[in-house]
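Visitor: Read off the chains here:
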Amino acid sequence: MASRKNVDPQDLQRRLVGEELHATTRRTFLGQMGSGIGGMALAWAAAQDGWAGGFGDSSASGAVGLDLSRPHFAPRAKRVIYLHMAGSPPHHDLLDPKPKLLDWNGKPCPDHLLDPENFAFIKGHPEVLASPYAFQPRGKSGTEISELLPELSRHADRIAVVRSMHTDQFNHAPAQLLLYTGSPRLGRPSIGSWISYGLGSENRDLPAYVVLVSGGKTPSAGKSVWGNGFLPSVHQGVQCRSDGDPVLFASNPPGIDRETRGATIEALAELNGLQCERNGDPETLARIAQYELAFRMQVAVPEVMDIAHESPETIERYGATPGAASFANNCLLARRMLENDVRFIQLFDWGWDTHGTNPSDDIINQLPKKCRETDRPIAALLDDLVERGLLEDTLVIWSGEFGRTAMNERRNGSTYFGRDHHPHCFSIWMAGGGVKPGIVHGETCDFGAEIVKDPVHVHDLQATVLRLLGFDHERLIRRHQGRDFRLTDVHGSVVPGLLA
Amino acid sequence: MMIAVFLSGGSVFGMDDVETPISFNRSIRPILARCLPCHGPDAGARAADLRLDRRDDAIRSRRRGAAIVPGEPTESLLLQRVRTSDPDRLMPPPGNGAPIDAAELELLERWIETGAEYETHWAWIHPSSSPLPPEVEGDWPRRDLDRYVAARHRSLDLRPSPEASRAVLARRASLDLLGIPPTLQSVDAFMNDQREDAFEHFVDDLLESPAFGERWARVWLDVARYADTRGYEADRQRTIWPWRDWVIRAFNADMPYDRFTIEQIAGDLIPDADDDSRLATAFHRNTMNNDEGGTRDEEFRVAAVIDRVNTTMSAWMGLTAECAACHDHKYDPIEQREYYQLAAFFNTTMDADRPDEFPLLTHLVAEDRSRREDLKAERDEILARLLDPAEASLVVSAASDDRSIGSVPILGDLLPPGASPLDELVDGDLPWDNVIAPPPGALRARRSVAPANGIVQHHFNDVAPAAQVEIAEGDLLTVWVLLDAENPPDQIMLQVHSAAKAWGHRAYWGADHVPWGVEGTPQRLRLGDLPETGDWRRLEIDPLEIGLEPGSLITGVACTQHGDADGGLTHWGPVAVERANATSPTWQTDFDAWLTVLASVDGRGLPDSLRGSLLAGDGRSEKERASLEAHWRLNATPAGVIVRRSVAVELDPIEKEITAIKARSRQVPVLREQAESDLRDTFILTKGDWRSPAEAVLPATPAFLHPINGDDGSRPSRLELAEWLADHRNPLTARVHVNRVWERFFGRGLVETSEDFGTQGMPPDDQAMLDHLAVQFMDSGWSHKMLCREIVTSSTYRQSSVVSSQALQTDPLNRNLARGARFRLEAEAIRDSALVASGLRSDRMYGPPVFPPQPDGVWQIVYSGERWNTAMDDDRYRRAIYTFWRRTAPYPSMIAFDAGSRETCAVRRLRTNTPLQALVTLNDIAFIETAGGLARRAHAEAPDSQRLELERAFRLAVIRSPEEAEIEILEQLLEAQTLRFRETPEQAAALILASGVERPEELEPADFAARIVVANVLLNLDEFLNRG
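If you read the protein sequences in the order shown, they are chains A and B. According to my numbering, the first sequence is numbered sequentially starting from 1069. According to my numbering, the second sequence is numbered sequentially starting from 986.
Since the hints were derived computationally from the structure, they do not count as laboratory data. C-beta: ideal position from N, C-alpha, C; glycine also. Be careful, since some hints might not be right.
What the hints assert, rightly or not - A short, non-exhaustive set of chain A residues, derived as facing chain B with CB atoms under 10 Å:
id : residue
1  : Pro1242
2  : Leu1245
3  : Val1302
4  : Val1315
5  : Phe1317
6  : Ser1319
7  : Ile1324
8  : Glu1338
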C-alpha cells in the first residue's frame, strides 16, 4: 500500500508544520492528562484505523448481521471510480450501434415504439433518427464503439459494455436516485455511503467517499445522490471542489495561518483534556482526536487536490488545466485520490441531456463536444491505472441514468437533432476490479428500444458492484425507523456474466 | 436471573427468575420475532401455513403435532426444530437470522412448560396509572418520576449522583428548553437565590421565554419534514414558513397537544375552522413536489399520500407503517389492506403534485390582519356617512334604467345572501373591480389573476335556500368574460354547485388543464375555444349539457381560469339564467324580504355585531333595524354598489392600502378536501406500485387499535382520524410524545427506538414510569409545558453528568439514570449558542427564511437562477430555525452536525463526532464572526483586566467560571498570539476584517486579533459543543 502513495500526510505535516510543533502538540496532548485518561486516549487511538470506520455514532448501532472487519466474499475490487454522465448520453450514438435505423431515418417510427406514458417531451408521432456517427469493431474483442470515442476504443479489450441496462424512471432526479440509492424517492443512503459504511476508510487523513463535479452544475437530484440517508453522517460523500475550499471549511479564515491554527488545536487539546478528566466522557477524547485529524486534513486535502505537481506530460495526456473545474482535472484527481486510498470516487459531469432543442443540447454539436471533453481523460485514467497495477482491484464504471429514444424529439418543431428520455434500455461500461474484460453483455432490438437478451436492472448493477467489493447485497443492511434497509431495496441479483 | 437481565435490556421491575412466570413480552417475544418473517402476520410470505404471532395458531394441532404444546416442551415441534442438529430441519434456517442460543432455548422451554401464555405487545395496551412505587427514605425524590428512579436505584443498589452545580444546571436547562444558553444575569440571580425552590423559579422563567417555541418547533420540523423548497430536481422554493411560525406560536401558547394534532391533520374540517387552523394543515403539504419537465403528476401525488400515512404513523404513533405499503407488516399487526384504508383518509385532498401547488391558502401575518380590519372599519364608516338614503336613491334610479331584464342573476353585482366565498379570498368577498368598465347591464365586474401554469378560482357556495335559483325548462345559462388582450389565460371554466350534485357541473373553453371531474361528461365539458380577447363576450351554456335538469337548485358558482407560462388575466361579469319572464330577486329590492332570507340561515355572513340584531327578530330596536338596513343598502342592493363607485376616489388611499396588504399575503399550500362529487377512490396498490391498483378500500383505522368515531357504517373523515389520533383511548400518542420529550432531556428515549414502538422496537427501560408520565400528560390537558416542567424540575434531571469509569462500564447508556446526561448539542443549538455568546444574535422572530453566510458554490441549481443572497443586516444573525432550508443543498454547517435533509419524516437524529464538524466551528466565517463578537463583548463587559476579560469570555461561552489551570492556558495562548500578530499586522487586520466586528478603540489590532483567536478556541471547547 505504501508504495502506491505519493503523498504521505505524516511526512507532509512534518514538512509544512515543522516537526517541532507537531511533537509539542502530541506531547502536550498526552502529557497534560492524568495517566488514566492518557492511557484511554492511547488505547483509543491505537484501536482505531481510519476515521471513517463508523465510530462516533453515539446512538445504538442499527447494523444487522454485519461484521465490518469481514466481508461476505473475497473482494475483487477495493475501490470504485464511478464516472457519471449526468443527463444521460444517447446509447445509439456511442455504444449500441443500430445500422437498421438508417432504413427508417426520417420516417414516422413504428407504432410499437410509441410510449407516450414514458415520453418526457415528445408529442405526436415522432420520426426515427439514425445515428450520424460510424461504429467500428475495436481491439481483439471486436466490440463496436462509436467514432466519437476514439480513445476509449483503445481500451476495448479491457472494458465490459453492458447494452441491456434498464431502469424504472424516465426523469433525471428519480432515475439518478434509483441508480445511486436504490429508490426513486429521497432519503436513502447512496451506494458510496453504503460502501464506506461497510468497508470503512483506509486513509487517516481523507474521507472514504469523495465526489467531484464538473460541467458547472450539480446533478439533477442534488446532493441526495451522495447523501448518507439514515447512515451516520460520517459516511456521506464529501464534495471536493477545484475552486474555493477543496473541502468546505478546510481553509483557515483570513489572518489565521497554519501556526496559529496549530496553537489553537493545541490549546483545545489541553482544555478538552482537563474537561475530560473532570467529566470522564470518552466522547471528549474522541473530539480531541477529531480536531487533530481535521488539522491534518487541512493539509492533506489541498495537497491531493493540487494537480500542479503532476508532470506536464501527465497533464497533457489528461488534457487537464490546473485550477479549473473540468472533467479532465477530475479524472486526474480521481487517480490521485485512489492512490491515497479513497474508497469511492464519484465523478459527475453535467451536459449530456441532448434533447436537440438548440445547438447546445443536440447530438450534432453538443454530443461531440462532450465526447471530446471526456474521451481523452477517461482513456488516460485507464492507462494510468493499468500502468500502476491499480486496475486489477479498482472498479471503474461509466454510465448515465437512463437511455434515449430512437426517435428525434423535435420539441416545438426544433430543427436540431436530439433524443428524448428512454427508461427501457441504455448502455454502460465497466472495467477492472473483477469485471470480465473485452465483452459485450446483453442486446437490444433493432431500434435500440427494447432489450432482447440479458436485461440488467439498476438494482442488478448495484448487487453486482457490491458483490465485486465482497458484499452480499442482501446482507449489507441497516435498521432504520423499525425497518431493515439495503441498497437494492427488495430487488436485485448479481449478474454472473459480468464477473471475471 | 442474569439471563433475564440480559434479554430484557436491564429492566428491573418484575424480573424473570425461577420463582416468577416468564414475561412473554420481555423474554419470549424477542425470540419469536425472529420467526415472524416467515411465520408471522404477512400472509404473502407465510411458510408452512404456520404463524407464531398468535397463540391459537401456534398451538393448533397439525399433521405432525403442534408447534407449541402448552405444558409439554418435548412435544412441541417448535423446540425440536430450533434444537435439532440436522441443518435441513434447523430453524431459523441457517443464514436466516441468528440461531437460538442455549439461554434462549432454556427460556422457551420454561415458558412452554408453564403454559405458553401470550401477552399483547406492551405498546398496544392502553397506559394506566399504576400505584407509585413506595416512598424511600430521605428527600431525594421531588417529583413522582423520581420515585420510579429511586426504586430502580434501590433494587440495583445504586446511588444517585449529586446535584450538578447551579451554573451547570442553569446552562443545561436553558439549552434543553430554549436551545440557547442562559444570560449571565439570570444565572447570577439564580446562584444568589436563597429560596428553596430557586430552580423551579428559574425554570418557570425559561418556560415563558419566546425562545421556547423556537426550540420545540425545531424538533417538530424534523418530524414534519419542513423545508423551504419542494425537493427533487427542480427543488423550487415553496412558501410554507407561515406554517413554521404557526408551530412556534403553538408551542409558546402551550396549545394542548390534542388540539395541536387535530389542527394539523384536519384544521380545514373542524367546525370552527379559521385561517390559522387551515394554515396548520400545511403540516402535510411539506411533502415533496416533483416539478421536473414531463413527470407524471399522479405518480408523485401517490408518493405524497404514502408519505402522509408514514409520517402520521411515525409522528404520533411511533409505528413503522411503511412496510405495509407493499405487503402485510411482518411484525406488527398492520395488514396491507389496513395501510391503504389509512391512505384513503389522505387520498381525497385536492392537491395533486401540481407545479402551482394548488390548493393554496391566502395568508396574512397577524399585524397585517389587524391593520386590514382597521382599514375596513374606516372604509365602512365613510360609506355609512355617505349612505344618505335620498342621495342614494337618486343615483340608483339614474343607473338602474339600463339594467337588463329577462335574466336572473346567479352572481350579478352582488353576492347572494348566505353565500360563503371560499378561502382563497382574504376579504370574505369576491375581487370586485371598480376600474374596468362592466359589461352591458352590470354595475361592476371581478378581476382574476392566474399564476404561471396555475389555477385561480373565485367561488362561493351555500346560497340561502330562499335565494337559490331554480333551473326551469328552456333556461339558458350565460356568463360575461373579458380576457385580457396582453395576457390571456389558456383555459377558463365555469363551475356550478347544485343542491343535488355539488360541484359536478363544469363547462370550459380552451385547453384542458383544470383536472376535476371526468372529461367529456357534464362534470367537465369543453364548449369551444377561448373567446376573443380584449372585449366583453357573453358565453352561453345549455344547462342540460352540464347536468342541470329543470328543478336543479343552484347553490354556488366558481369562476376558474388556468394561466399559461405567463399566467393570465380575466375579468368576469354576471353569471345569470336567461328566461322570458325573469324578475329581479326580491332580496335586492325589499329590505324585509332580505331579512327573512338571511334569518333562515341564521344570518350567515353578517358581521357578528349585526348578527345578534338580525336574530332578535321582532325584538330588535329601531336603531338595530336602522343599522341592518344601512348594511343591506350598502352590501345587498345595486344602490350600495353605486354608492361605492361614486366614492371610489375618496376611498382610494384606503383601498390602496388594503390592496397593498393583500399583496403582502402569502399563498401557502394547505389541505383541502375534494368536492363530494369528485372524491378519488383508493385502491390497495400491489407491491406499493401506483400503477397496479387492486381492490378498492374505504377509510378505516387498523383493527388492533381502538375504534374510530363515526365507525357506524358511515365513511369516517380525516377529522375523525385526527380525533382518533388525539383520543385518550389511543395507547400510543401520549407515550410517543412523552418519549420524544424525554429524549431531548436525557439524550436517549425511555424507548430508545423512539421511531418504533412496535414489536421490533426496544422495550421501554421503565414502562411504569413512561406510562405514569403519559397518563399525567393526558390528564394535564395535554400540556407540553407542564410535561417539560415535570421532568426538568425532577431530582433525576438535576444529577451531575460526571461519570466514573466504573459506571461507564456497567451502564454506558445511562439506562439506570444514576447520573445526568451529557451529549452533543444539535446543529441548530451550536449555531444559536455561538450567536448568543457573541452578543450578535438577532432576537427577531418569524417571517420568511433568511440567508446567513455560506460558502460560495454550495447552491448550483439545475434549471433555476435562484441565488443565495447573503444577508447583510440583522438577518445574518437570526436563530438557525430561520435559515433557508433547501432540500437538495441544505445549509452545510448544519448537515455537518447531523441535521437531516428534511426529505422525509425524521424522528431521531444520529449524533456523530467527525473532523468535518471541527472544520465548521474552527473556520466557517459564521463562527469567526461569533468569535469576533465574543471577543469584543467580553472586553466591553470586563475591561478592567486581561484576566477578568478572559474569565468573562469563558463564562459567556460555557456559563461556569474557569479554573486556574484553564485561565493559564488561555493566558498563554493570548500572549503568544498577541506577539505573533504584532509581528504580522496585516494578519491581525485580516482577521479583524473577516470577523466583521469593529475593534474597540483602546485595543491595538494585535491585541484584539489575539482575543478573537482565544474566542475561537472557546467556541470550539468540547464543553461548549455539549450540554452536560
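Visitor: Hint validation: Leu1245 of chain A versus chain B, beta carbon distance must be below 10 Å. Holds or violated?
Guide: holds, 9 Å
Visitor: Against chain B, run the beta carbon of Val1315 of chain A and see if the smallest gap drops under 10 Å.
Guide: Result: holds, 7 Å to nearest chain B Cβ.
Visitor: Is the interface hint for Ser1319 of chain A satisfied, with its Cβ closer than 10 Å to some Cβ of chain B?
Guide: At about 6 Å, which falls below the 10 Å cut-off, the nearest Cβ of chain B leaves the hint on Ser1319 of chain A intact, so it holds.
Visitor: Holds or violated: the hint that Pro1242 of chain A contacts chain B, with Cβ atoms closer than 10 Å.
Guide: holds, 7 Å
Visitor: Regarding the hint that Phe1317 of chain A lies at the interface with chain B, is the smallest CB-CB distance below 10 Å?
Guide: holds, 4 Å
Visitor: Measuring from the C-beta of Glu1338 of chain A to each C-beta in chain B, is the shortest one below 10 Å?
Guide: holds, 5 Å
Visitor: Would the hint on Ile1324 of chain A stand, with a C-beta cut-off of 10 Å toward chain B?
Guide: This hint holds: Ile1324 of chain A lies near chain B, its Cβ roughly 6 Å from the closest one there, short of 10 Å.
Visitor: Can the hint on Val1302 of chain A be confirmed by a CB-to-CB distance to chain B that is less than 10 Å?
Guide: holds, 5 Å
The structure fails none of the hints (numbered hints given earlier).
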